[in-house]
Amino acid sequence: MICAASWNVRGLNGVAHQRSFGHLVGVEILLVELQFIHCRVTSKKEHTKCLIIVLYGDNDVIPGRDLWNSISQLSNDITDEPWLLIGDFNAVIDESEISEYAADTSASMGDFLNCITTAELIHLPFMGANLTWHNSRNGDRSLWKRLYRMLVNETWLVHWSQSIYISASPRTSDHSPLILQGHDRCRDTPIFRFDNFMTKLPGFLDMVKERWKHPIIGTSMYALTRKLKYLKSMLRGIKRQRGNLSQNIQKAAEFLLKAQQLIQEFQHDTLLLQLEKWCRIIYCKAVNLETIMLKQRAKLNWLKW
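In the UniProt record's numbering, the protein residues as written are 1 to 305.
Calculated directly from the structure, the hints in this document are not laboratory data.
Computed from a prediction, not measured in an experiment: that's the story for all the values here.
Ideal Cβ positions, reconstructed from N, Cα and C, are used throughout, including at glycine.
Heads up, some of the hints might be wrong.
[What the hints assert, rightly or not] Below, simulated SDA-like cross-link-like pairs (lysine to any residue); rule was C-alpha separation at most 25 Å, straight line:
hint	residue 1	residue 2
1	258	229
2	229	61
3	49	124
4	258	287
[As the list claims (entries may be wrong)] Using C-beta positions, here's what the derived DEER-type ranges look like:
hint	residue 1	residue 2	range
5	33	229	46 to 52 Å
6	47	157	18 to 24 Å
7	196	33	31 to 37 Å
8	114	224	39 to 45 Å
9	56	78	33 to 39 Å
10	271	247	43 to 49 Å
11	54	202	19 to 25 Å
12	107	162	31 to 37 Å
13	161	281	22 to 28 Å
14	194	220	19 to 25 Å
15	114	281	22 to 28 Å
16	239	284	37 to 43 Å
17	60	155	40 to 46 Å
18	77	196	21 to 27 Å
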């Protein structure tokens with residue numbers, strides 16, 4: 001899958017630019033409607049195909065429903081081909097995607113969410129700005145929205161599980177360009193690894209339950225991915241707080257050794273005896289956490305081998 005500029009990228013409509021992509025991709029127009037163009041794109045280099053809808057949704061609720069109905073109907077015939085929807089949807093899915101909530105937002109939001117659910121679409125992960133459009137006004141009249149996005153079907157993720165898009169800087173425009181990137185540009189992205197030892201930490205399950213209760217407006221798949229992202233940030237914070245497990249063991253061992261040396265001098269000091277007991281408990285817990293981590297890593301290495 002190639003890296004492809006896709007929406008609101010100025011200059012790509014020039015004849016010279018279009019010809020420069022001619023040897024890389026082939027485009028077959030399948031359907032042209034007032035608010036979208038549906039096409040099949042073929043990568044000549046990798047011999048792969050996908051379906052793409054490039055759309056510009058109407059900002060009025062009633063005409064916008066024609067777009068949602070068309071997408072829902074098309075989804076019935078698309079089961080085994082990767083499908084990407086990209087463009088200006090002129091609709092948001094929750095209040096976090098608009099700086100000022102309006103009455104007409106609720107209607108278009110509901111229609112959009114119903115379309116996503118019916119067509120079984122998934123939000124493609126992105127990097128960059130969340131709010132992609134600004135009305136170029138200041139003060140109380142300033143308005144930000146997330147109007148541009150990329151949606152895909154499950155088959156798309158089967159073929160290109162690492163694909164993302166970038167919401168780039170608008171520069172002099174009030175619109176943010178979107179750039180689709182394939183897995184070949186994401187190979188160096190660090191993979192999140194869950195360490196089993198974290199389940200042994202005090203209050204771990206309570207922290208997970210608290211994060212999971214966070215309300216998310218959207219489809220079940222969207223809500224699941226957002227909640228998993230919240231959990232990922234929490235888990236990374238826990239790992240940072242715990243630090244290096246081997247260093248923790250070394251520090252715990254030093255404290256335990258110091259406490260035991262003091263007891264040799266003051267054998268009947270009850271406070272020192274209690275201190276040595278707690279140092280021993282902390283040291284054993286630190287060793288146990290590292291043991292769990294090492295067993296997990298050893299198992300992963302064995303599976304790779």
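Hint-by-hint comparison with the structure:
1. Annotation: proposed proximity of residue 258 to residue 229 is violated, straight-line Cα distance about 42 Å (limit 25 Å).
2. The suggested pairing of residue 229 with residue 61 is violated, with an alpha-carbon distance near 31 Å, which exceeds 25 Å.
3. Between residue 49 and residue 124, the direct Cα distance comes to roughly 18 Å. Compliance with the 25 Å bound is thereby established for this hinted pair.
4. Between residue 258 and residue 287 the CA atoms are separated by roughly 18 Å; this keeps the pair inside 25 Å, and the hint holds.
5. Our hint of 46 to 52 Å for residue 33 and residue 229 is violated, since their Cβ atoms are close to 34 Å apart.
6. For the pair residue 47 and residue 157, the supplied restraint of 18 to 24 Å holds, since their beta-carbon distance comes to about 20 Å.
7. One distance hint, 31 to 37 Å for the beta-carbon pair residue 196 and residue 33, is violated here, with the actual separation near 51 Å.
8. Separated by about 18 Å at the C-beta atoms, residue 114 and residue 224 break the suggested range of 39 to 45 Å.
9. The hinted window of 33 to 39 Å between residue 56 and residue 78 is violated, with their beta carbons roughly 21 Å apart.
10. Distance hint check: the CB atoms of residue 271 and residue 247 are about 27 Å apart, inconsistent with the given range 43 to 49 Å.
11. For the pair residue 54 and residue 202, the beta carbons lie near 52 Å from each other, so the given range of 19 to 25 Å is not met.
12. In this structure the hint that residue 107 and residue 162 lie 31 to 37 Å apart at CB holds, the actual value being about 36 Å.
13. Checked against the hint of 22 to 28 Å, the pair residue 161 and residue 281 fails, with Cβ atoms roughly 44 Å apart.
14. For residue 194 paired with residue 220, a C-beta distance near 22 Å keeps the hint of 19 to 25 Å intact.
15. Roughly 55 Å separates the CB atoms of residue 114 and residue 281, a value that falls outside the hinted 22 to 28 Å.
16. Residue 239 and residue 284 have their C-beta atoms about 21 Å apart, which leaves the hinted 37 to 43 Å range violated.
17. The hinted range of 40 to 46 Å is not satisfied by residue 60 and residue 155, whose Cβ atoms lie roughly 32 Å apart.
18. Taking 21 to 27 Å as the suggested C-beta distance range, the pair residue 77 and residue 196 does not conform, at roughly 44 Å.
The structure is inconsistent with the numbered hints 1, 2, 5, 7, 8, 9, 10, 11, 13, 15, 16, 17, 18, although it conforms to all the rest.
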